[in-house]
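J.: All chains should be built: construct the whole structure from the sequences, respecting the hints.
Residues 8 to 399 (my numbering) make up the sequence shown, in order.
For the record, the hints were derived by calculation from the structure and aren't laboratory data.
Misleading hints may appear alongside valid ones.
As the list claims (entries may be wrong) - Taking lysine-lysine and the BS3-like style, the derived pairs with C-alpha atoms no more than 27 Å apart in a straight line are:
(1) Lys-76 <-> Lys-373
(2) Lys-225 <-> Lys-51
(3) Lys-69 <-> Lys-225
(4) Lys-391 <-> Lys-225
(5) Lys-260 <-> Lys-371
(6) Lys-326 <-> Lys-260
Stated by the list, open to error - Each pair of labels, with its calculated beta carbon distance range:
(7) Thr-349 <-> Glu-35: 21 to 29 Å
(8) Arg-183 <-> Lys-285: 20 to 28 Å
(9) Asn-398 <-> Ala-151: 32 to 40 Å
(10) Asp-42 <-> Glu-257: 39 to 47 Å
Note that the structure is a prediction, hence the values are computed from the model and not measured.
We treat Cβ as the ideally placed atom computed from N, Cα and C, and that holds for glycine.
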Amino acid sequence: MIEPNNKGFYGEYGGAYIPEMLIPNIEELRAKYLDILNSESFRKEYHLLLCDYAGRPSPLFKAERLSAKYNANIWLKREDLNHTGSHKLNNTIGQILLAREMGRKRIIAETGAGQHGVATATVCALMGLDCVVYMGATDIERQAPNVARMRMLGAEVRPATSGNKTLKDATNEALRDWIANPLDTFYLIGSVVGPHPYPDMVARLQAIISSEIKEQLKSKIGTNLPDYVIACVGGGSNAAGSFYHFLEDESVKLIGTEAAGLGVNSGETAASMACGDKGIIHGSMTYLMQSDDGQITEPYSISAGLDYPGIGPLHAFLKDSKRADYMPITDDEALDAVMELTRLEGIIPALESAHALAVLPKLKLKTSDHVVVTVSGRGDKDMKTYMERFNL
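T.: Set out below in structure tokens:
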């Protein structure tokens, strides 16, 4: 299995580049997380909540009309059917149990599209813990339904008003909060980003996706290895979870799709692997979009959940090692994929998930191919954008 070394590096990517005040928190988490995650008591409660609370396993659905169009076998891993509407709950259930075990009473989180914020607010309500969610002011406006859900669940939503007022800026504010409140606060990071051990921890919690894919495919077609696994990549948690149990099976082609925005050469993009260079962002060495003098470039995507200027270090390693391919998808391509899935299969996907679906026309598929696409979230939260773009 591809895992980081004891300092949190996947090859040259990862690590923990953090302020001195956070070292005790990170060291405590690093020392405890594997023992807790591997304990019988954690695993029992975690899987019970995944089943009875989140509604797992999520279905693996054969999309017949989509399959007919692309002349291949297209399977949809329906993370959109989880409680709260995305894959994010897989991670927040695990981390809230970890935080409780470590005695933390106050939870902070960052969110872009709002799905991680909703999932965090949900588990905080479940466990009776205080919750503060940082969200870019731009995203608060374009993801108003999720903001209302977080507040209804009892979370305080604090706007980030610097930069582009999106996910990067919300993450900055959450880190500042953690620095100011290191003793009673647990930072529940939403993706495979940040300082070690967060990328590894989140990947392990999201690995339930690929574990289920293997079991479900085996029961449906007699083999647990598809030809392709495709997932969208912002920070990269749903892709990490979708790829995890296939990383050592070289016959399975792994494709991540990142948000090209208006195009990789437009200056309005969030395609950090297509346009970025190696550097440090939010505590880890990875690919990120930056200027010649090392200043982080503001990203753009129609999708709030992919509007991030970096990528998780695992994905940077998979790119360089050529174990996975990463393809940029524009706003318009994603919107076309939204309408295609909606009209062909009666499933309205999130804008993030549409970036994964949009890669299908770019592949040279065979009729015998089995292609798994992770539908990471449902499109309820994006209806305002859809109403405007499709004149509904």
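J.: A separate judgement is required for each hint: does it hold in the structure or not?
T.: Quick rundown of the hints versus the structure:
no.	hint	verdict
1	Lys-76 <-> Lys-373	holds, 12 Å
2	Lys-225 <-> Lys-51	holds, 24 Å
3	Lys-69 <-> Lys-225	holds, 14 Å
4	Lys-391 <-> Lys-225	violated, 39 Å
5	Lys-260 <-> Lys-371	holds, 13 Å
6	Lys-326 <-> Lys-260	holds, 12 Å
7	Thr-349 <-> Glu-35: 21 to 29 Å	violated, 46 Å
8	Arg-183 <-> Lys-285: 20 to 28 Å	holds, 25 Å
9	Asn-398 <-> Ala-151: 32 to 40 Å	violated, 20 Å
10	Asp-42 <-> Glu-257: 39 to 47 Å	violated, 32 Å
In summary, the numbered hints that this structure violates are 4, 7, 9 and 10.
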